[in-house]
Amino acid sequence: MSTRLEKPIFEYSVPGRGAEDQWPRDPGPAATDDLPATLRRSTRPLLPEVSELEAVRHFTRLSQLNFSIDTHFYPLGSCTMKYNPKACNSFAMLPEFLARHPLSPESVGQGFLACLYELQEMLKAVTGMQAVALSPMAGAQGEFAGVAMIRAYHRARGDLERNEIIVPEAAHGTNPATATMCGCVVREVPVNAEGDVDLEALKTVVGPKTAGIMLTNPSTLGVFERRIEEVARTVHAAGGLLYYDGANLNAILGKVRPGDMGFDVIHVNLHKTFSTPHGGGGPGAGPVGVSARLAPFLPVPIVGRRGEQYCWLTERDLPQSIGRLSGFMGNAGVLLRAYVYMRLLGREGMARVSEYATLNANYLLAQLTRAGFDAAYPSRRASHELIITLKRQAKELGVTAMDFAKRLLDHGMHAPTTYFPLLVPECLLIEPTETESKAALDAFVAAMAEILAEAAQEPERLTSAPHTMPVRRLDDVRAAKQLDLTWKPTVAHAIPTTA
Amino acid sequence: MSNVPSDLKYTKTHEWLRTLPDGTVEVGITDHAQHALGDLVFVEVPEAGRTLAAGEPFAVVESVKAASDVYSPIAGEVIAGNPALAAEPEAINSDAYGKGWLMRLRPAAAAAPQLLAPKDYEKLVVEEGS
Ligand SMILES: Cc1ncc(COP(=O)(O)O)c(C=O)c1O
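Heads up: the sequence lines are chains Y and P, in that order. Residue numbering for the first sequence follows our numbering, starting at 1 and increasing by one per position. Residue numbering for the second sequence follows our numbering, starting at 1001 and increasing by one per position.
I should point out that these hints are in silico values taken from the structure, not numbers from a laboratory. Not one of these hints is a red herring.
What the simulated footprint calls covered on chain P by chain Y, stretch by stretch (three residues with Cβ under 8 Å from a Cβ of chain Y suffice, anywhere in the stretch; the number is not a length):
(1) 1036–1045
(2) 1065–1075
Straight-line Cα separation of at most 27 Å, DSSO-like style, residue types lysine-lysine; simulated pairs:
(3) Y:K203 with P:K1012
(4) Y:K391 with P:K1012
(5) P:K1123 with Y:K391
(6) P:K1119 with Y:K395
Bear in mind that the values here come from a model prediction, so they are computed numbers and not experimental data. Even for Gly, the Cβ is constructed at its ideal location relative to N, Cα and C.
Using the sequences and the accompanying hints, generate a full structural model.
Structural data, given as structure tokens:
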């Protein structure tokens, strides 16, 4: 990784320089004739003028400023930043997939449709649900689809009063946001000191207005909800449905199935568990799976099969569908990568994912505890991720979870998730994933132990960290308030603006 | 040690309440709460005329760490949200009990609030290990 900051490309600009062979062929003056004069610009756009080599170097250097899974340990909790096999990407990039037009007839896209059909089938098998739709394009959009289906189900039964969605206080922020987006009222239930939903409180909240409950299991607290069957019974008995936030599927893959726990609807973050990194910020996919009673409401299109032929099922086939959530079938590239990954893993491989993900997390929990850190839930085993709280260190040494996170960067490691979940003060949410070796985990523990020792002796090394990165401690407050990042030319890089 | 003025009432969820001479009340978040949240960057206050139940979320405070709901300590009707906070959310950090007030409220007639006395709130803050 480079430690030198890269200038904006405009600052390399020299008037008249360029890469002519990369330019579009001159379309001639008549090319814009059919555009109304008011829509045509009279000044030249402000573009950097650099050579091809300068452009290549600039963007390559920028890419070297990144932390990535391919270069660094990346224990960013709740994001499942595991290694994504290159094969998944290469197969998803086969020219026949890339060149396929989404409006091309079914008869010429049978290979693509077959992959999606099999992906639906594999997701059904993995989640224990009866039907799957692939089109939602993020976890949050999958949640939206799920809660919209819950509402549609109650409405179709004439059960119009049910507009409350129950959400545990530890939930990911997208859960209450989804409920609100779907026009529901959010009812929060507390979590007890061991990280389980408070059943007594749940019983006082459910009733004739309950549309459903949204649960993540293992929860965002990094522990498995032990009384899940009782939670399911309580909500079902009150007439509500159960939504499973499958963002943490990595922990239970091939071991337990939400369908078997009694859930009615689930979304899966393919861009966590199935070969696309969540923290990459790129496109995602949040397929939804449902029990039989919700199947008529699934978003379209879905891939169906008539005899030997695969086909799109649309509004005509599912008249009660909640509708469309994406222009076509969702994010095809992410879906294909997930398909290849699942085929590479096979049934036994799936179970090994969760076994090693949880083994690695529990190994880290044990080693970090031994190194002097406090587990947020000391009586509990970790799931695929673990939480430590630095509340004691904050009080005794005056260093915060953020200081630890920043100092880890100097050790060549991406920081864990900080200050989430909000319930745990000064927390780090650490998710090592199954693809890290024992040596990598030991190196992380050693770095944390070293930082802890430093916190006692030289706390300002932490509070002023990072020291080796291209930028030092950023002003978070200013960054949140001044969002204007537009580069403005000074006289030194003036670019002529009139044609 | 947190600053817990003795002339206010408090809630378990870290709001304070001041009764004004005309019987209306002023509500904000405590010094302990602003400290736990860190530097505030955005505050959403309620509009005048809104009726609130006790325990209902009425404002959102967002810091560099987190966004949190603020809950109304008592039932009533909003007289005003603090208009200055949109431009200056950091007033809550620097003056939680003064310039950082979030709303003024006319208590509902039947309001019989279960609020904490300063010494009980102080105990709560100590238990939470501030
Ligand atoms: C528990 C949980 N639910 C939902 C989501 C939302 O997923 P997405 O970011 O794809 O919208 C996340 C994302 O991290 C999550 O951790």
